[in-house]
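The residues making up each chain are set out below.
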Amino acid sequence: MRKSRYVSVLLAGASLALSSCAGTGDENTTVYGDADTCAQDWDAQSCTTAYRAAKEEHVKTAPKFTTKEECEAAGWAACEVAPQTPTTAQAGGGGMFMPMMMGYMMGRMMGGGGMMGQPVYGNRNGYMFAAGGRNVGQVAPGTTSLAGNKVAMRAPSRGGFAGRMGGGS
Amino acid sequence: MKRIPLEPRADWRARAEALGFDWHSAPTPEDPIGTYWDESAYWELTAAEVDQLEAATEELHGMCIAAAGHVMERGLLPYFGFSPMAIDVIKDSWARRDDDQPSVYGRFDFAFGGEDTGDGQPKMLEYNAETPTGLYEAAVVQWTWLEERFPGRDQFNSLHEGLVATWSKVGDALKQLNLPQALHFTCMMPHAEDEGTLRYMLDTALEAGLSGKILPAADIGWTTPVDGPEDTLDGQFVDAEETAITAMFKILPWDWMLSDQFGAQLARSVMTRRVSVIEPAWKMIPANKAILAVLWEMYPDHPNLLPAFMDRRAFGAGATVVAKPLLGREGANISIATLSEEGKPAGAPLASLGGAYGAEGYVYQALTPLAESAGVDAAGNAVTHHAVIGSWVIDGVSRGIGIREDVGLITHNRSRFVPHLF
Chain U
9 MRKSRYVSVL
19 LAGASLALSS
29 CAGTGDENTT
39 VYGDADTCAQ
49 DWDAQSCTTA
59 YRAAKEEHVK
69 TAPKFTTKEE
79 CEAAGWAACE
89 VAPQTPTTAQ
99 AGGGGMFMPM
109 MMGYMMGRMM
119 GGGGMMGQPV
129 YGNRNGYMFA
139 AGGRNVGQVA
149 PGTTSLAGNK
159 VAMRAPSRGG
169 FAGRMGGGS
Chain Z
4 MKRIPLEPRA
14 DWRARAEALG
24 FDWHSAPTPE
34 DPIGTYWDES
44 AYWELTAAEV
54 DQLEAATEEL
64 HGMCIAAAGH
74 VMERGLLPYF
84 GFSPMAIDVI
94 KDSWARRDDD
104 QPSVYGRFDF
114 AFGGEDTGDG
124 QPKMLEYNAE
134 TPTGLYEAAV
144 VQWTWLEERF
154 PGRDQFNSLH
164 EGLVATWSKV
174 GDALKQLNLP
184 QALHFTCMMP
194 HAEDEGTLRY
204 MLDTALEAGL
214 SGKILPAADI
224 GWTTPVDGPE
234 DTLDGQFVDA
244 EETAITAMFK
254 ILPWDWMLSD
264 QFGAQLARSV
274 MTRRVSVIEP
284 AWKMIPANKA
294 ILAVLWEMYP
304 DHPNLLPAFM
314 DRRAFGAGAT
324 VVAKPLLGRE
334 GANISIATLS
344 EEGKPAGAPL
354 ASLGGAYGAE
364 GYVYQALTPL
374 AESAGVDAAG
384 NAVTHHAVIG
394 SWVIDGVSRG
404 IGIREDVGLI
414 THNRSRFVPH
424 LF
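Protein chains in written order, with my numbering: chain U, 9 to 177; chain Z, 4 to 425.
Any given hint might turn out to be false.
As the list claims (entries may be wrong) - Listed below are the simulated DSS-like cross-link pairs for lysine-lysine, each with C-alpha atoms no more than 27 Å apart in a straight line:
1) 178/Z <-> 72/U
2) 72/U <-> 172/Z
3) 158/U <-> 68/U
4) 5/Z <-> 68/U
5) 178/Z <-> 76/U
Claimed, not checked - Here are a few chain Z residues that face chain U, going by a calculated C-beta distance under 8 Å:
6) 55
7) 143
8) 164
9) 220
10) 277
11) 380
I should point out that these hints are in silico values taken from the structure, not numbers from a laboratory.
None of these values were measured; they are calculated from a predicted model.
Positions of the beta carbon are idealized from the N, C-alpha and C atoms, including for glycine.
Using the sequences and the accompanying hints, generate a full structural model.
Next comes the structure, spelled out in structure tokens:
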């Protein structure tokens, strides 16, 4: 037989499954390398609180790897030893690695006054990701630390690929 | 190869629509029926003819890659009508083609009608190596037609399986590149046919375990760091939710995108590995009609090639040649004429189509007979149907065909899709 054994015909209700955090509604998603840099834009106390929250979150939720090589092979710009916690100790402990926290996100939540602090990781291509894989910015490929720095992105401009209709052939 | 009339299924429209095939007809004021999917006939091939098409497709794909290499070595890209920016992007993509330039598909168009047509060999008319459509019709719609009408028969069509397997390899390639295994699928919207092809590509990618999302090309955003200059090319493409676009499948020609407002940003982003684009930029070389002249020079008298030259005076007086714009699509600006002593068209063209191409230059190819069959059109008039075989290459492998028919000599975007079996 030269024909397919089956075909899938899902077109009628094509489902979209990209892992995106649509509509998180952050007013500002500046990534800060440390609390001092954050304090240039926000009050120092909030910056320190958010930094600590991000560090705690980082230890809890960063992806873990058995070896440093595995962590680096996954594409992270830099990896470090994960601190011993009851959970990691139980898991056989001692040799857990995780990507280094490159910086943290700080901003005012839409519709409320609460501040947030979320760890941010960089991969070798220079993309920065928050928990859940959401892309939050871009730095030079190979950057491992944002210490003394901050990165904020401009609101996107759109319509730059709208010149001509059609294109299939 | 025989064309066999058949009464269409009474409910074929409803069945087509149930498959999500909402571009089965394209009515216009001149043609209010606007048949595109045409099951009032089918083409029956022999197993030997299928083998012939398969072998020609794989051999030509290899020859086109060799020809692209020849073009790069000899610095022939300026003759292809590309902009300097396109040439930079092509060079970069070609140099990395074995490393990080995943490619999914392409479609050869063949003149072929079996032993009764010409010398009986499939003749390459062109290679739609970059933005081919007609894929869902070939992979799914004609497959379901066969299952219902001729469940015991075979069809040259393992496109679906080929696509799923190829997307799985693309997923591995993205992993190697440290990019998320998530793709954005884009085309100009609204456009029923391109959007349908895009949905099918998304479906097959999802089946392969990738994640994906469709967005109109006009919604693609560009964002740059606040602390850098506003006009920097070091930024990122984002979708409507501001998720980064790190890998993109597009049914939009590279040369259009690069000449658009975000062209320089796209060029920089692909060359700095910030975004991976399928089809990769080097596919612009075999997709360009100038490749026909390069192939003929490299492989003169190859049984699957037709004489083709950048200068039509290379043909003798009295030759009938087809003028094809280098970057043309869907038959636009193609004309067929017999040449005079001076190598110019003698009299009115035998056939021609209008369009917006041609300023970039033309290639000239010898006219060759297409598979023909006498029949009647939807209004009952006696006509001659001309068939062109679209032969698919999925990840370098010949995976099946889709047949387009027209009463005219030039196949265009409204030419009918007719199913086949063997």
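For this structure, which hints from the list above don't hold up? The structure breaks hints 4, 6, 11; every other hint is satisfied.
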